[in-house]
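Participant: These are the residues of each chain, in order.
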Amino acid sequence: MNAKTTSALDLDQSKYNFIDPESAVYRSARGLTRETVIDISRQKKEPDWMTDARLRAYEVFLGKPMPRWGGDLSEMDFDAYTYYIKPSDKREDRWEDVPENIRKTFDRLGIPEAERKFLAGVGAQYESEMVYHSIHEDLAKKGVIFLDTDSGLREFPVLFREHFASLVPPEDNKFAALNTACWSGGSFIYVPKGVKLDIPLQAYFRINSENMGQFERTIIIADEGAQLHYIEGCTAPQYSTKSLHTGVIEIFVKRGAKVRYTTIQNWAHNIYNLVTQRAIAYEGATMEWVDGNMGSRLTMKYPSIYLVGEHARGTILSIAFATNDQHQDAGAKIIHKAPNTSSTITSKSISKGAGRTSYRGLLKVAKGATGVKASVKCDALMLDPESRSDTYPTMEIDEDKVAIAHEATVGKISDEQVFYLMSRGLSESDATAMIVQGFIEPFAKELPMEYAIELNRLIQLEMEGAVG
Amino acid sequence: MPELALDIRNLHAVIEEKEVLKGIDLEVPKGEIHVIMGPNGSGKTTLAHTLMGHPRYTVTQGEACLFGEDLLSLKVHERARKGLFLAYQYPVEVPGVTLSHFLWNACQAGRSGADGNGKKNPKEILAFRKRLNAALESLKMPADFAMRHLNVGASGGEKKRVEIAQMQMLTPRMVIMDEIDSGLDIDSTKVVAEGIRSLKGSEFTALIITHYPRILEYLQPDRVHVMAAGKVLCSRGMELARELEQKGYDWILKEFNVV
Chain P
1 MNAKTTSALD
11 LDQSKYNFID
21 PESAVYRSAR
31 GLTRETVIDI
41 SRQKKEPDWM
51 TDARLRAYEV
61 FLGKPMPRWG
71 GDLSEMDFDA
81 YTYYIKPSDK
91 REDRWEDVPE
101 NIRKTFDRLG
111 IPEAERKFLA
121 GVGAQYESEM
131 VYHSIHEDLA
141 KKGVIFLDTD
151 SGLREFPVLF
161 REHFASLVPP
171 EDNKFAALNT
181 ACWSGGSFIY
191 VPKGVKLDIP
201 LQAYFRINSE
211 NMGQFERTII
221 IADEGAQLHY
231 IEGCTAPQYS
241 TKSLHTGVIE
251 IFVKRGAKVR
261 YTTIQNWAHN
271 IYNLVTQRAI
281 AYEGATMEWV
291 DGNMGSRLTM
301 KYPSIYLVGE
311 HARGTILSIA
321 FATNDQHQDA
331 GAKIIHKAPN
341 TSSTITSKSI
351 SKGAGRTSYR
361 GLLKVAKGAT
371 GVKASVKCDA
381 LMLDPESRSD
391 TYPTMEIDED
401 KVAIAHEATV
411 GKISDEQVFY
421 LMSRGLSESD
431 ATAMIVQGFI
441 EPFAKELPME
451 YAIELNRLIQ
461 LEMEGAVG
Chain Y
1 MPELALDIRN
11 LHAVIEEKEV
21 LKGIDLEVPK
31 GEIHVIMGPN
41 GSGKTTLAHT
51 LMGHPRYTVT
61 QGEACLFGED
71 LLSLKVHERA
81 RKGLFLAYQY
91 PVEVPGVTLS
101 HFLWNACQAG
111 RSGADGNGKK
121 NPKEILAFRK
131 RLNAALESLK
141 MPADFAMRHL
151 NVGASGGEKK
161 RVEIAQMQML
171 TPRMVIMDEI
181 DSGLDIDSTK
191 VVAEGIRSLK
201 GSEFTALIIT
211 HYPRILEYLQ
221 PDRVHVMAAG
231 KVLCSRGMEL
241 ARELEQKGYD
251 WILKEFNVV
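Protein chains in written order, with the working numbering: chain P, 1 to 468; chain Y, 1 to 259.
Wrong hints could be hidden among the right ones.
Partial chain P-side listing against chain Y, Cβ under 10 angstroms, derived [claimed, not checked]: (1) V410; (2) S414; (3) E416; (4) Y420; (5) M422; (6) G425; (7) D430; (8) A431; (9) K445.
Simulated from the structure, these hints should not be mistaken for lab results.
Here the structure is a predicted model, which is why all the values come from computation and not from measurement.
Each residue gets a CB set at the ideal place from its N, CA and C atoms; glycine is no exception.
Starting from the given sequences, assemble the full structure and let the hints guide the process.
Facilitator: Next comes the structure, spelled out in structure tokens:
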């Protein structure tokens, strides 16, 4: 491990690297048993169907072997995690009512300011439960639902049950099953027919307890002709033992609706980040994943879109950045099931030091899906001789009348570019950072301004660590 | 004796164990414009890149000083910050980085204490944008070039003009131009030459590598040096450039016994 790299990262994460004295009201025993699952459901006072769903998922989880592809999960110990922590008795609606030490944490993350500035609503996840949540009055008037997922289950049981686990069933994969068994928190969003939200909805997520698994479950439903942009950013304090983050996100984009889901994860480098993100797009609908993976020890995440209605469109735009101790196994999946659907996958990955990035993608066109247009572009940039980058693109095209473009590049950082920029006065680290920032520009330009700035700043710090 | 902007003594450089510069001696006094001409493969571009510090070339012998300071011990960006500027024959493309963003950082980097991360002062940015717009306008380029990615998709002529715009923004003390006029049509040559001429003065020193006297008619250089086989053969006035244009290099190579 490069000592200079560490110091740069410490510097960057110092803003987030603080631990509050634990103030949890309830904490489940370590390890996951049938009793723990029942206990979680009871603590949350859930209806029986949810308890049953959790238990069924738990059985699926036990029955599925660990994935042997993707990243190295051999050091993961399911018995070492705590599966549920409830930090305070109830969800708060007013900032003043949030317990003081938790409020301090959020103050340091700048959440209330963020809200005041331009957020329509903030759902802040502290450990497993939403403790702070507000909805802008205008949104409520429009009939928009923006709740933490537990409240969604309580307040909108029919809508909830109709969608929950319908897109990502526990049988999908071992970690989706784990999440279904012990999910807690996440966002539950419904935007009614024809309602277009100009301002992005945002949620902040945090893991605060050592060895605590975080299993947020997010459900987003955009009804016909609705539009929304949801932004999720992650930060976590750094610990010596491994933490686990296993989320499931299900997004339903009804006829003519449009959803963009933007996330940049910057988990500490000891966290396993194993997330299942899936969207379904109906006739004329548009779904866009904008997915940035900067942190974690290992990320396995492949946002997917099922295009099931004619003229539906899907876009997946992602970056992955892996440094010394990291493996970013990320990618994209698009499944064309209807005629005249179109999709674009753009993946950019950067590996530095002994970091490793893998692109794992699937493009599938079902028989009968004529007139499909799809393009896949993945570019990998390696900054050091020991960096590693792999590409695993899969294409299953069962229809002839389609237009598919595929382009992949793997390259080292260009000495000529570095020299050119240095000859104008930029230091080697600044020159390298600028080239990397340029490389991910197609991604960065899709981000809200402050996220783009934060991302560029992060890359700058990484590069200073490299060449110092 | 006038102050020397560039003082090169017995400079030897190799690339992949092959010696390309074989003892260059060259003096460029402050405020003068000098020219290097010479047949292809004589080492002109190598000299330019070696002075800028390109890692492909290794200096094996000799000295090079910029305003009396040793140049060869400095890193590339330090040379730039001391006021050395190289306008490239083939400027590199940098996708995703706008000319404006790049130049802002380059201008900031030249300052003491600044590391490119300094807080941006809105007034300074505004002044910077105005200067950049003026530079582009004087080079007959559209203002939106500032927001285009550095040299990406630009024509040969546009790239050369961008080099001149950078030079105007960074206000270097010593400029080396490597075939800045190659591949330019008559009008573009004039625009580029005007761009260089606008900087002419007692604080501006230039060493221009070229094959064509046309640009030199605009710039009226003080000295013309001829390079061949990794050495400077001779140094004379502007009339030498015209003579080479008419007669080619054979006669001068024979005169100095270079085969």
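Participant: With reference to the structure, classify each hint as holding or not holding.
Facilitator: Verification of the hints:
1. The beta carbon of V410/P is not positioned within 10 angstroms of any beta carbon in chain Y (closest approach about 16 angstroms), and the interface hint is therefore violated.
2. Evaluation of the S414/P hint against chain Y yields a held restraint, the C-beta minimum of about 8 angstroms falling below 10 angstroms.
3. At about 5 angstroms, the closest approach between the beta carbon of E416/P and any beta carbon in chain Y falls short of 10 angstroms, and the interface hint on this residue holds.
4. Given hint, Y420/P at the interface with chain Y, holds; its Cβ is 4 angstroms from that chain's nearest Cβ, closer than 10 angstroms.
5. Of the supplied interface hints, the one on M422/P holds, with its beta-carbon coming within about 4 angstroms of a beta-carbon of chain Y, less than 10 angstroms.
6. Taking 10 angstroms as the C-beta cut-off, the interface hint given for G425/P holds, the closest approach to chain Y being about 4 angstroms.
7. This hint holds: D430/P has a C-beta 5 angstroms from the nearest C-beta of chain Y, less than the 10 angstroms allowed.
8. Because the beta carbon of A431/P sits about 8 angstroms from the nearest beta carbon in chain Y, less than 10 angstroms, this interface hint is met.
9. Given hint, K445/P at the interface with chain Y, holds; its Cβ is 9 angstroms from that chain's nearest Cβ, closer than 10 angstroms.
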